[in-house]
Amino acid sequence: MATASVTSSTAGRLLGNLRLPLSILAFLGLALGVLGIDQFVNAMTLGAIYALVALGYTMVYGIIELINFAHGDVFMVGSFVAMFISSSLLGNEGAITNVPMLAASVLILFALTISVMALLGALIERLAYRPLRRAPKLAPLITAIGVSFILQNVIQFFFGPTIVTVPQLVPIEWSIQVSGSRVPLLNLFVIATSVILMVALQLFISRTRTGRAMRTTSMDRDASSLMGVDINRTIMITFLIGSGLAGAAGVVHGLYYGNTTFGLGFQSGLKAFTAAVLGGIGNTAGAALGGFLIAFVEVGASAFGYGRWGGAIVFSLLVIFLVFRPTGLLGSHTGDRA
Amino acid sequence: MSRIADAVNAPFAPVRAFFRKHRSFGIFVGVVLLSIALPLLTRVPPFDGIQSTNAWVNAFTTAAIYAMLAMGLNVVIGFAGLLDLGYAAFFALGGYTYAFVAAPFTGIHLPFWPMLLAGGVVGAIFGVLLGAPTLRLRGDYLAIVTLGFGEIVPITLMNADKFTDGVNGIGGIDKPSIPGILQFTLTNPWPMYGLVIALFSLIMIMIYRLEDSRLGRTWDAIREDELAAESSGVNIVIAKLQAFAVGASIAGIVGVVNAAKITIVTPDQFRFAVSISALAAVVLGGMGNTIGVATGAFIIYLFQSILLKQLNTLVENINIPVLNQIDFLDFQYVLYGIVLVLMMLKRPQGIFPARRRMREFAPLKIGKRGAK
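If you read the sequences in order, they're chains A and B.
Residue numbers are given in the numbering used here: position 15 of the first sequence equals residue 15, and the series is strictly consecutive.
Residue numbers are given in the numbering used here: position 75 of the second sequence equals residue 75, and the series is strictly consecutive.
One or more of the hints may lead you astray.
Between beta-carbon pairs, the in silico distance windows are [unchecked claim]:
(1) B:194 x A:263: 51 to 61 Å
(2) B:342 x A:160: 41 to 51 Å
(3) B:128 x A:20: 30 to 40 Å
(4) B:271 x A:206: 38 to 48 Å
(5) A:177 x B:168: 40 to 50 Å
(6) A:192 x B:104: 34 to 44 Å
(7) A:228 x B:160: 32 to 42 Å
(8) B:18 x A:131: 41 to 51 Å
(9) B:271 x A:123: 39 to 49 Å
In silico negatives: residues of chain A with every beta carbon more than 10 Å from chain B [unchecked claim]:
(10) 65
(11) 66
(12) 67
(13) 128
(14) 132
(15) 152
(16) 164
(17) 173
(18) 192
(19) 308
(20) 316
Derived by calculation from the structure, the hints in this document are not laboratory data.
By construction, the Cβ of each residue, glycine as well, lies at the ideal position given by its N, Cα and C atoms.
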């Protein structure tokens, strides 16, 4: 699930370890040069959202080897739950300029949405996936598709098939100047939120007992069970966290775009899944990396006038990666069986 | 079986023996009898009150098209055990193939009948093109790759306006005709019904013969245990490619018929939901059981297009304010979802389990058996 950090004193090893960060930096520099600062910030923001969703795919795949098809729709439901909490419960209509008020509203919004979505994710796992844990592999996958369809249409039933407006709490006009360009604080807020959550997740997985249980379960479920790990609990926590992150992505999506629709989950879900595959499925750091990569591909495509083909390009990438490098960029512990 | 049932069955024994020996003929007779019985049934209450016989025949035609699609998908999923989530793409390719050469958009007007075959060929070619690089992948990855393909095709059809007229699609597609004898029209559903029924029985016979062929048994072996099949000398990739090609070519042929029936193709007709509706039919009917899958498709189609439509009119007539707002046709997608989830949880072998397939799902019941 997490990449083991190899510490070594030799300079060669050190250089080897630095290769990835260096190439990421080089890529970012190149992207910044090619796209310009505005598009670069857009891509980073979009990437932050994809990365949050991709984490859920990769965590679940890492632990039970299920492509949780419904995860994109969990993200979509999250955006609707956030919309509902923000506009109906908190009574927000638009931007809040009072900073303490804004911080309080956003915090409550995150806390509530993440909790609701975590519970929904765990509920789905309990009802739809757990009974099929020993079934042939295609059975839970087909169930996941069914769950995805149910979620989409329940939302469509309650909120209609049209685009729904979400209150954008953070004022769009707030911005800072970076080398002559206006960078909205909103974008920085989105990127910062997702980075904080990702770092927190990494720490949780690598430092806590539960995190260790998750790692061992993903390596060998039966053996960890023999070592006293409560498998059901661990898998449920994985779903709680993954869906909670999708909920956070839903909040962020609403704040950033100011709208949502019942079909959001399918396309962005597939893109986030592509991100997870790109990074190496089962690998949380890889999922984050993949999320940003996909966003750069998409934003790059539209910057060069191929915006309509964005989806097709991303899915072609998915196919190409699955065929030629199923372990993804960072490698995964499950890829060898692909 | 009871003595009475034996007595009732006794006179039919020779008939059954005959059909056991000549099964293809039996399927043909069965399908034809059913296709005559169904329209007759719609003249009887309560069915005659729902819609005119012509509308019923039209609905049956669409149901049969949907059932053929499900039977084709069943070859891929039920026989070879490959989850194909982009099946609608091949359906789309067949439809566009015909639309491209038989509509005012391009000004070409090729006859329908050879195009029926061409649709199958195009489907098979794309099936092989998609399958060749991807069939080495494990099951769930393959599912996602096919899903990606299923998305790429409509996006491409939507964006390649020069060739496909984008979102508008290609309209005014030629109806089939038998020169000098019969011209298919939009108002008379019967010729199309006959054509679809003939094709339906042909495809069903073909699939049954395939199932019993060497290839069919190869698929069984692969599905049950890929490793064992490979070590027994089966070329897995070739066999899977054949399943993909057969499934895709059926979708291609059906796509041509569908385009000729509704005379317009648009990218929106071939969304993911179409692939999933076919999957729902396969899962409902029982993976691997051709007749079961076709029945599953009929059940789902009639349920959504007749029952849900009826609910709409019923609610309108009774005039319940809250329910009036609801378009029950929207529930068809929830229906697919519920079918998939419930069937997988409660009855993964489908309503009509395939005999050969029973074993695969048997491990699910070990606990229950042990308790007895």
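We went through each hint and held it up to the structure:
no.: 1; hint: B:194 x A:263: 51 to 61 Å; verdict: 39 Å, violated
no.: 2; hint: B:342 x A:160: 41 to 51 Å; verdict: 26 Å, violated
no.: 3; hint: B:128 x A:20: 30 to 40 Å; verdict: 38 Å, holds
no.: 4; hint: B:271 x A:206: 38 to 48 Å; verdict: 41 Å, holds
no.: 5; hint: A:177 x B:168: 40 to 50 Å; verdict: 45 Å, holds
no.: 6; hint: A:192 x B:104: 34 to 44 Å; verdict: 56 Å, violated
no.: 7; hint: A:228 x B:160: 32 to 42 Å; verdict: 58 Å, violated
no.: 8; hint: B:18 x A:131: 41 to 51 Å; verdict: 45 Å, holds
no.: 9; hint: B:271 x A:123: 39 to 49 Å; verdict: 28 Å, violated
no.: 10; hint: 65; verdict: 8 Å, violated
no.: 11; hint: 66; verdict: 8 Å, violated
no.: 12; hint: 67; verdict: 5 Å, violated
no.: 13; hint: 128; verdict: 6 Å, violated
no.: 14; hint: 132; verdict: 7 Å, violated
no.: 15; hint: 152; verdict: 7 Å, violated
no.: 16; hint: 164; verdict: 16 Å, holds
no.: 17; hint: 173; verdict: 35 Å, holds
no.: 18; hint: 192; verdict: 31 Å, holds
no.: 19; hint: 308; verdict: 5 Å, violated
no.: 20; hint: 316; verdict: 7 Å, violated
Figure legend: structure checked against the earlier numbered hints; hints not met, in rising order: 1, 2, 6, 7, 9, 10, 11, 12, 13, 14, 15, 19, 20.
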